[in-house]
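*Asks:* Sequence:
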Amino acid sequence: MAAHTIGFAVADEDRARLDALVERFGHGNRSEFLRVAMRRMQHDLFAERVQLIQQRGRRDMGGRVLSPDEVRELVENVVREEVAD
1 MAAHTIGFAV ADEDRARLDA LVERFGHGNR SEFLRVAMRR MQHDLFAERV QLIQQRGRRD
61 MGGRVLSPDE VRELVENVVR EEVAD
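Sequential numbering of the sequence shown, starting at 1, is according to UniProt numbering.
Just so you know, these hints were derived from the structure itself, not from any lab.
From a predicted model like this one, the values you see are computed outputs, not experimental measurements.
Check each hint, because a few of them may be wrong.
[Stated by the list, open to error] Label-pair ranges, simulated between beta-carbon atoms:
1) Met61 <-> Ala2: 29 to 35 Å
2) Ala20 <-> Glu82: 43 to 49 Å
3) Met61 <-> Glu13: 45 to 51 Å
4) Gly28 <-> Asp60: 29 to 35 Å
5) Glu81 <-> Arg58: 20 to 26 Å
6) His27 <-> Ala2: 21 to 27 Å
7) Val83 <-> Leu52: 47 to 53 Å
8) Glu32 <-> Ala84: 22 to 28 Å
All residues carry an ideal CB built from backbone N, CA and C; glycine is no exception.
All chains should be built: construct the whole structure from the sequences, respecting the hints.
*Replies:* So this is what it looks like as structure tokens:
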């Protein structure tokens with residue numbers, strides 16, 4: 001993996017907080033801290049998307065709750081449609 005140095009500015013008042021976070025989550029390594037932060041933020045984005053999909057599903061279903069068998073059947077139908085395309 002090739003690495004490239006990327007500069008960014010940190011306000012003086014944020015420096016102590018950044019240093020503490022780097023120590024805790026990056027074990028003193030700013031690059032590792034950034035990798036950890038990016039993974040966590042990607043996870044947060046994924047969780048937000050899942051939550052939006054769930055909300056849309058609840059809205060579309062009018063609050064109706066599906067049984068596990070109904071969910072399985074719906075998933076199988078979607079998979080079949082995807083394979084047919």
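*Asks:* Is it true that the C-beta distance of glutamate 81 to arginine 58 lies inside 20 to 26 Å, as the hint says?
*Replies:* Holds - the Cβ-Cβ distance for glutamate 81 and arginine 58, about 22 Å, lies within 20 to 26 Å.
*Asks:* Does the Cβ-Cβ separation between glycine 28 and aspartate 60 fall within 29 to 35 Å?
*Replies:* Cβ of glycine 28 to Cβ of aspartate 60: about 49 Å, so the range 29 to 35 Å is violated.
*Asks:* Per the hint of 47 to 53 Å, is the separation of the Cβ atoms of valine 83 and leucine 52 within bounds?
*Replies:* 26 Å, violated
*Asks:* So the hint says 22 to 28 Å: do the beta-carbon atoms of glutamate 32 and alanine 84 match that?
*Replies:* At 46 Å between Cβs, range violated.
*Asks:* When you take the CB atoms of alanine 20 and glutamate 82, is the distance between them in 43 to 49 Å?
*Replies:* Taking Cβ atoms as reference, alanine 20 and glutamate 82 lie about 47 Å apart, which means the hint holds.
*Asks:* How does the Cβ-Cβ distance of methionine 61 and alanine 2 compare with 29 to 35 Å: does it lie in that range?
*Replies:* 47 Å, violated
*Asks:* The hint says 45 to 51 Å between methionine 61 and glutamate 13; measuring C-beta to C-beta, is that right?
*Replies:* 48 Å, holds
*Asks:* For the pair histidine 27 and alanine 2, does the Cβ-Cβ distance stay inside 21 to 27 Å?
*Replies:* 22 Å, holds
Checked against the numbered hints given earlier, the structure breaks hints 1, 4, 7, 8 and satisfies all the rest.
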